[in-house]
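Participant: Sequence:
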Amino acid sequence: MFTRNSRRGLRDITNATNVPSDNSAAVKPSLREPTRPSTERPTSSYQHSGQVDNIDARDANDPLCATEYVREMYQHFRSVEASTSTRPTYMKSQPHINEKMRSILVDWLVEVHLKFKLVPETLYLCVNLIDRYLVTEKVSRPKLQLVGVTCLLIASKYEEIYPPELRDLVYICDRAYSKSEILDMEETVLKALDYSITIPSAHAFLVRYLKAAHADKKMVQLSCYVLDGTLQSYKLLNYLPSELAAAAVYIARRAAGRNCWSPTLLKYAEYAEEDIVGVARDVMAEKNEAQSDLRAVNKKYSSSRYGGVANTVLSSDI
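According to the UniProt record's numbering, the residues represented by the sequence shown are 1 to 318, in order.
I should point out that these hints are in silico values taken from the structure, not numbers from a laboratory.
Any given hint could be a false lead.
To be verified - Derived DEER-like restraints, expressed as beta-carbon distance ranges:
id, residue 1, residue 2, range
1, K217, H96, 29 to 35 Å
2, L166, P142, 29 to 35 Å
3, H76, D293, 18 to 24 Å
4, Y162, T84, 21 to 27 Å
5, K191, P88, 42 to 48 Å
6, P63, E99, 40 to 46 Å
7, A192, I161, 32 to 38 Å
8, S79, A192, 21 to 27 Å
9, P88, R175, 29 to 35 Å
10, V277, L166, 43 to 49 Å
11, G308, P95, 29 to 35 Å
12, V135, S79, 39 to 45 Å
13, N98, D184, 23 to 29 Å
Claimed, not checked - Cross-link-like lysine-lysine pairs, in silico, DSS-like; alpha carbons within 27 Å at most:
id, residue 1, residue 2
14, K300, K138
15, K143, K191
16, K300, K267
17, K218, K299
18, K267, K117
19, K115, K218
20, K235, K179
21, K217, K92
22, K115, K267
23, K138, K157
24, K300, K115
25, K191, K138
26, K115, K179
27, K143, K179
28, K235, K143
29, K299, K267
30, K92, K138
31, K138, K235
32, K218, K143
33, K100, K117
Glycine included, each C-beta is placed from N, C-alpha and C at the ideal position.
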């Protein structure tokens, strides 16, 4: 049975032949963060003034940035994000699991994701698949971790050049499940989701917003720290991925002593500061509530590899 205290599967992986041995994850070639700039005006009454930068101008000759299509891509992302996300209501239909169990599962998956050195999008897709599956199917407590590790396998196959091998996933679960059980669950999950895997994740929006924010390395790390923490919160499913990404940038800029929002962010995120303040307040409230129980994100971002940004004081007074 999956419990928070049963993590023996997180010891060193000796048979993980495809796990990179250094600190650099194998990253697949991808479009470098298109975002959803828009021709629409924000619905907020807030009006910006001042200079708005063309954040794609310097990348116009880089085919990986797809600057010719970035507007349409992010318009599409914004148009479908609601339909590919879930809301915090499905636990009412789950008699055997609760919000706390989901949070513990995600906390464990953050550790597993870090252990395998997977790309960020894999983690966000994994959690999305879990939530969408739990909307459609009732899951017993002993099977919740099986759902989690199976969704990690599916997400890894979708996002990674070298996904973890099946035997390594069995090992990381301390052999609580067999290879055949994971493969059977993979088929079950995919059928339940009608093989719909592609989503615009909060991380995809975050990278674009960080580009609009002209973020330095520390701000990037701090924003990622805040956004990773939102994955553990069931209540924050009430917000769209783009809203959570904007809130993470807002919180990071505030912590860095910079203007929380800018005309360029307003243009490319299509959220005014007043649209994001409430989201940021809820994100910080959830972060403070979870801090004592869920440690994986804090542990990850306390390391020098991530700039130790978890030690940054983030004010809840927003």
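Participant: State for each hint whether it applies.
Facilitator: Okay, the hints, checked on the actual structure:
1. K217 / H96: 29 to 35 Å: Violated - the Cβ-Cβ distance for K217 and H96, about 43 Å, lies outside 29 to 35 Å.
2. L166 / P142: 29 to 35 Å: violated (20 Å)
3. H76 / D293: 18 to 24 Å: For H76 and D293 the Cβ distance comes to about 37 Å; the hint is violated.
4. Y162 / T84: 21 to 27 Å: The hint (21 to 27 Å, Cβ to Cβ) holds, given that Y162 and T84 are roughly 26 Å apart.
5. K191 / P88: 42 to 48 Å: violated (25 Å)
6. P63 / E99: 40 to 46 Å: holds (44 Å)
7. A192 / I161: 32 to 38 Å: Since A192 and I161 have Cβ atoms about 27 Å apart, the given range 32 to 38 Å is violated.
8. S79 / A192: 21 to 27 Å: holds (24 Å)
9. P88 / R175: 29 to 35 Å: Since P88 and R175 have Cβ atoms about 33 Å apart, the given range 29 to 35 Å holds.
10. V277 / L166: 43 to 49 Å: 45 Å Cβ-Cβ, so the 43 to 49 Å window holds.
11. G308 / P95: 29 to 35 Å: violated (42 Å)
12. V135 / S79: 39 to 45 Å: violated (20 Å)
13. N98 / D184: 23 to 29 Å: holds (25 Å)
14. K300 / K138: violated (31 Å)
15. K143 / K191: holds (17 Å)
16. K300 / K267: violated (32 Å)
17. K218 / K299: Holds, at about 17 Å.
18. K267 / K117: violated (34 Å)
19. K115 / K218: holds (22 Å)
20. K235 / K179: violated (33 Å)
21. K217 / K92: Roughly 41 Å between the alpha carbons, so the hint for K217 and K92 is violated.
22. K115 / K267: violated (37 Å)
23. K138 / K157: holds (25 Å)
24. K300 / K115: holds (10 Å)
25. K191 / K138: Measuring from Cα to Cα gives roughly 15 Å; hence the hint holds.
26. K115 / K179: holds (20 Å)
27. K143 / K179: Distance ~14 Å between K143 and K179 Cα, so the pair holds.
28. K235 / K143: Holds, because 22 Å separates the two Cα atoms, which is no more than 27 Å.
29. K299 / K267: violated (35 Å)
30. K92 / K138: holds (10 Å)
31. K138 / K235: Measuring from Cα to Cα gives roughly 19 Å; hence the hint holds.
32. K218 / K143: Answer violated: K218 to K143 is near 38 Å, above 27 Å.
33. K100 / K117: Status holds; Cα separation ~26 Å.
Comparing the model with each earlier hint shows violations of hints 1, 2, 3, 5, 7, 11, 12, 14, 16, 18, 20, 21, 22, 29 and 32; every other hint is respected.
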